[in-house]
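*Asks:* As a plain string of letters, each chain reads:
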Amino acid sequence: MTQILAIGSSQLVGFKRGIDLILPDKGRAFDIDFVGMWETGFGYIELDKLGNIVAPDIVPHLNNPSKVNLKRDWRIWGLPEHKTPLIHDYDFIFVIASPCKYFAPLYYSNPRPILLSRSLLEAAISSCYMDCASFDHISPWMFRISPVIKALIDKCTDKIVFVGSPLPISSEECTFIEPLRQVMKEYRHFWDAHMENIDTIEGICRSSLICKSASRFKIALPPSDVCCGDMLSTRRSFYKGNHNAWHANTDYWGRVVEHLCELNLLPC
Amino acid sequence: METHPYENLPLSAFWRTGVTEADPNDMQGVYKKKFDILPSDKIATAGSCFAQHLTYHLKKNGYKVLDLEPPPPSLPAKLYQNYGFSTYSARYGNIYTVRQLLQLANECAGIWQPKNYVWVKGDRFYDALRPSIEPNGFDTSGAVKMFRKNHIANVKDLFCELDVFVFTLGLTEMWVDEGSGTVYPTAPGTLCGIHDPAKFRLECATFKSILIDFRKFHKTVMRLRSGRPFKIVLTVSPVPLTATASTSHILVANLNSKSILRSVAGQLSVKYSRIDYFPSYEIVTNPRLHSTSFMANLRTVRGQAVENAMRHFFREHPPLIDTKQRDGETTLSSDLSGVQCQDEFLDLFAE
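From first to last, the protein sequence lines stand for chains A and B. In case it helps, my numbering puts the first sequence at residues 720 to 987. In case it helps, my numbering puts the second sequence at residues 19 to 369.
Keep in mind that the hints were calculated from the coordinates and are not lab data. Each residue gets a CB set at the ideal place from its N, CA and C atoms; glycine is no exception. It is possible that some hints are incorrect.
[Claimed, not checked] Some chain A residues well away from chain B (every beta-carbon gap over 10 Å; in silico):
hint: 1; residue: L769
hint: 2; residue: V773
hint: 3; residue: D776
hint: 4; residue: N782
hint: 5; residue: L798
hint: 6; residue: D808
hint: 7; residue: A842
hint: 8; residue: D911
hint: 9; residue: E921
hint: 10; residue: P986
[Said to hold, decoys possible] If you want a taste of the chain A side facing chain B, the calculated C-beta under 10 Å gives, among others:
hint: 11; residue: N829
hint: 12; residue: I833
hint: 13; residue: S836
hint: 14; residue: R837
hint: 15; residue: L839
hint: 16; residue: K904
hint: 17; residue: H908
Make the full structure from the sequences, and use the hints.
*Replies:* Put into structure tokens, the structure is as follows:
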């Protein structure tokens, strides 16, 4: 039986719902454990020398009104005992953390789309790492790879599967996405550049799935039907609430899980 | 009554008091601006590698420097230069000659198309008109053309949006495609491409040809802007030539090149009220500094010398933000020792 660990931040809750909806516990051809922490707390999670994914004994001050102690709360969900994951127990590690790093507008500023080469995208993606200190000051718009994910990539690259989370637009819809839409509507070359970037990103992700190299992780983008035609945001029908695009509803995650099956990333 | 016309001139009018005995780091009146650069003015920068210093310092001092092809957020600053980001107002790389500048404007206006500009190195493809913007080149020649088309659309917007154009004149020697006359920033075979003497030739721009090219450039940009005027600040790069393909000794070729460029800049600034000349060349090469403006290779300008030149500029165009604000706001690395000069590669051939 294939053993999978799903690790991430708040998006992980949606992913679990998607799994439960599409692949109920009984008939699964795989075992899956879930372990997650809210975004800021997730920035403190570490991989120790033995391969244990652990949390420090601290109570972060940021976004932590319940004064959660990371060590106490970091545990595989649903188990009666307090157990932390050991990477050697798993065949695949699914990373479900927001925002999706393979989202073209994350690479634009002004807002204006610029044409991005494959080599530039790969350089940007491979260096989007943040340390713990930076995690205290993250902008929700900035993409990042937390220290534990960076450590996992270094330690067991071929086990890693990045799962695209909802496109991050909640607080940026008016200030960034809509002006971007406008500028793309007005100027054909911006539209062309953006669509070309989408193709390039999809190409990078596609090749990650067919690549047999142990030094490449896999990337599964959200299926295109959950995104708007201009690929600037998730379709509103998939928002968890009217104005909550940070998190998607179960239909969204159901589609993502179906898509993972189509890509043979989940044994179905 | 004066006994001779030099009697009541200021100290700066005399070599001894103006240069020999003056503090080279605190000379007065070397640069007097011709016009103001307003806080609202949108500035575009381009030129040879020394222009990168101007770009950086204008941004650092709060001026509104346009960047129509900005770096992707989260791309580490150390990679900006490798990909030609934040170096100038768009990713056109170094524009060493006025002919290159004219080509760019004409291409934006749709009245000229470059020929033979996809150069190869190994199995990678490069835009020979800006070979340094993709360190690993492109996958296909089609990609080069697509990126160029997109780039030109952005530069066209740049020419339309700018209020002030800052340009550093760098070289007079240029490599030309024999068939089409297309001018390149680097010699074929240095960064990429293959040198074929039957296909490429050296051309040395003259005072007259540069002047004509610059006027044509100005005319093209004015047409793109539907006649809306703009201001220009010209400088001449104090960085000596790395190599010359002319038959002259490099020392002679260098002075010839700088003299022509300096004369063109002077001529344009004297003649046109909207063109100013900033004497960074004179400030850096001031004999009072005994070549200490340069590093051991007598070519790379020391950071201190750049700062000195910039002090003159910002004395006339005061900084728009205070020092405390500066550090956090700039996106460019303050260490510009790695300023991108493609012609540096020519140095390899001297070894």
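*Asks:* Report holds if the minimum CB distance from A/D808 to chain B is greater than 10 Å, and violated otherwise.
*Replies:* holds, 32 Å
*Asks:* Using the nearest Cβ pair, does A/I833 come within less than 10 Å of chain B?
*Replies:* Since chain B brings a Cβ to about 5 Å from A/I833, closer than 10 Å, the hint holds.
*Asks:* Hey, does the A/K904 contact hint survive, CB to chain B under 10 Å?
*Replies:* violated, 15 Å
*Asks:* Beyond 10 Å on every Cβ pair: is that true for A/L798 relative to chain B?
*Replies:* holds, 36 Å
*Asks:* With chain B as the partner, please determine if A/L839 meets the hint condition of a C-beta pair closer than 10 Å.
*Replies:* holds, 6 Å
*Asks:* Hey, does A/D776 actually stay past 10 Å from chain B on C-beta?
*Replies:* Correct as stated: the minimum Cβ-Cβ distance to chain B is 31 Å, above 10 Å.
*Asks:* Minimum C-beta separation from A/D911 to chain B exceeding 10 Å: can you confirm that?
*Replies:* Label violated. Min Cβ-Cβ 7 Å, cutoff 10 Å.
*Asks:* Taking 10 Å as the limit, does the beta-carbon of A/N829 come near enough to a beta-carbon in chain B?
*Replies:* With Cβ-Cβ at 6 Å, under 10 Å, it holds.
*Asks:* Is the interface hint for A/S836 satisfied, with its Cβ closer than 10 Å to some Cβ of chain B?
*Replies:* holds, 6 Å
*Asks:* Taking the closest pair, is the beta carbon of A/P986 still more than 10 Å from chain B?
*Replies:* holds, 34 Å
*Asks:* Does A/H908 hold up as a contact with chain B if the rule is Cβ-Cβ below 10 Å?
*Replies:* holds, 4 Å
*Asks:* Taking the closest Cβ pair, is A/R837 under 10 Å from chain B?
*Replies:* holds, 7 Å
Consistency with the previously given hints fails for numbers 7, 8, 16, ordered from lowest to highest.
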